[in-house]
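Asker: Spelled out, the chains give:
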Amino acid sequence: MKIGVLALQGAVGEHIQMLEKAGAQAVSVKLPRELEGLDGLVMPGGESTTISKLMHQYDFMEPVRHMGQAGVPLFGTCAGLILLAGHIEGLDQAHLGLLEITVRRNAFGRQRDSFEAELDISGVAEGYKAVFIRAPSITETSPHVDVLATVADQAVMVRQGHLLGAAFHPELTEDARLHRYFVEMVRESKATPTD
Amino acid sequence: MTDQQQGLAKGTDRVKRGMAEMQKGGVIMDVVNAEQAKIAEEAGAVAVMALERVPADIRAAGGVARMADPRVIEEVMNAVTIPVMAKARIGHFVEARLLEAMGVDYIDESEVLTPADDKYHIDKSQFTAPFVCGSRDLGEALRRIGEGASMIRTKGEPGTGNIVEAVKHMRQMMSQIRKVQNMSRDELMAEAKKLGAPYELLLEVHEKGRLPVVNFAAGGVATPADAALMMHLGCDGVFVGSGIFKSESPAKYARAIVEATTHYEDFGRIVQLSKDLGDAMPGVEISTLEPSHRMQERGW
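Chains as they are written, first to last, in UniProt numbering: chain R, 1 to 195; chain S, 1 to 300.
If you're looking for bench data, these hints aren't it; they were derived computationally from the structure.
On a predicted model such as this, the values are computed, not experimentally measured, just so you know.
Each hint should be verified, as a subset may be incorrect.
Straight-line C-alpha distance at most 20 angstroms; calculated EDC-like pairs for lysine to aspartate or glutamate [stated by the list, open to error]: (1) R/K53 to S/E42; (2) R/K190 to R/D39; (3) R/K129 to R/D175; (4) S/K208 to R/D39; (5) R/K30 to S/D266; (6) S/K10 to R/D153; (7) S/K10 to R/E118; (8) S/K10 to R/D39.
What the simulated footprint calls covered on chain R by chain S, stretch by stretch (three residues with Cβ under 8 angstroms from a Cβ of chain S suffice, anywhere in the stretch; the number is not a length) [unchecked claim]: (9) 40-50; (10) 105-118; (11) 129-141; (12) 183-192.
Which stretches of chain S does chain R cover? Using the computed rule of at least three CB atoms under 8 angstroms from a CB of chain R, they are [said to hold, decoys possible]: (13) 7-13; (14) 22-32; (15) 44-56.
Virtual Cβ for every residue (Gly too), placed ideally from N, Cα, C.
Produce the entire structure from the sequences given, and follow the hints as far as they go.
Answerer: See below:
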């Protein structure tokens, strides 16, 4: 099983380490051709404005959207969640537009409002220490989307079939439970091809 | 409800250092107004540093360089959605408190400004806002981290467009890290004494083989090749001070430096993106600088 980590900018190395800890082979992806043969893709935290510009510049949008539409599991954290979202408050256009949610960028405020909190993530992990950095929140979800965790009454983790999104940074802690959950999603998707 | 009732812990080391982790592989650009901030954001900068003057102009102006006018910083904060950093003078904890009160995302306790304290740096651990500090070697970096810095950058020699000092500082840092990593544990206390570094942090470097925080390049980056060079030497990302807006075509330079930082190993690509950029910022030969004009000497 080979999982890619989009490596245009942000916390790439941490995701690779965590995926390896969770038992997957992980590779960094800097060019669209490196998407070939991947069983799953993680879009890391970083600056969503920067990552989305570089994705457009290097023609990543179409191939990643195709992967998502073809049922390849995708996991977006923080900036990655914003990339996956169907609607972004204040912007006319979504980036990948795969997850049927609306996100609000910097929903909790500027860096001084960034925080750690303990989450109970439904069906995944209890007492999970999550790090929120200038984090987005999920303000709307379609009926196809399951909200897995909330903090301060805001949805911060969702799953829609093979798509997983978190407003926080599972790559910044030592706790590999979320990465194991995603690796399991990839394993299941390989066992039951959708197309 | 209060943060505590909601179980939110703000300003922790993990939150402050994590913010810098999110900047990795990116370029942070100096800007002096909203228009420049937008050019930087449009080019793909991961953050901007709001200043009244870029280092080359500070150098040219002479006199005492202080924290920027809050109005300039606010203007930049209102113009972009990426994080905004700003500089306080070394030791000037009130300037730092003002920046924190304004909601600046990262504070640079910077040798580019005239130091306000000739003995002590700011006790950065007391702040919710994270700090970045310059350093020339491992001891200096660990002293700053000991005081609470969450991000380190090379000092280089700001405002010169000359990469030689940043290279020197990064090579020194990496060489010292390798040495400490390979030492036996019983040699570390004497090494801590020699470097003037907190023992516990040196122990962490010994165990992990890296600094406990992110380390960026700064002080002399003028071209896409300069940025890529610093990435090859082990930097996590790049600050560009005067290099963007003192060049002939800032938007082109900004975009090219961002791309060269992302694809620092792809030399064919850097060739392509380095074509027809126009003149880089004018450079300064370091040996022509009076010792008293060397900003890197500031900091203790």
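Asker: Does each hint fit the structure? Answer for all of them.
Answerer: Outcome of the hint check:
no., hint, verdict
1, R/K53 to S/E42, "holds (8 angstroms)"
2, R/K190 to R/D39, "holds (7 angstroms)"
3, R/K129 to R/D175, "holds (8 angstroms)"
4, S/K208 to R/D39, "violated (31 angstroms)"
5, R/K30 to S/D266, "holds (10 angstroms)"
6, S/K10 to R/D153, "holds (17 angstroms)"
7, S/K10 to R/E118, "holds (13 angstroms)"
8, S/K10 to R/D39, "violated (37 angstroms)"
9, 40-50, "holds (count 5)"
10, 105-118, "holds (count 12)"
11, 129-141, "holds (count 4)"
12, 183-192, "violated (count 0)"
13, 7-13, "holds (count 6)"
14, 22-32, "holds (count 5)"
15, 44-56, "holds (count 4)"
In this structure, the earlier hints numbered 4, 8 and 12 are contradicted, and the remaining ones agree with it.
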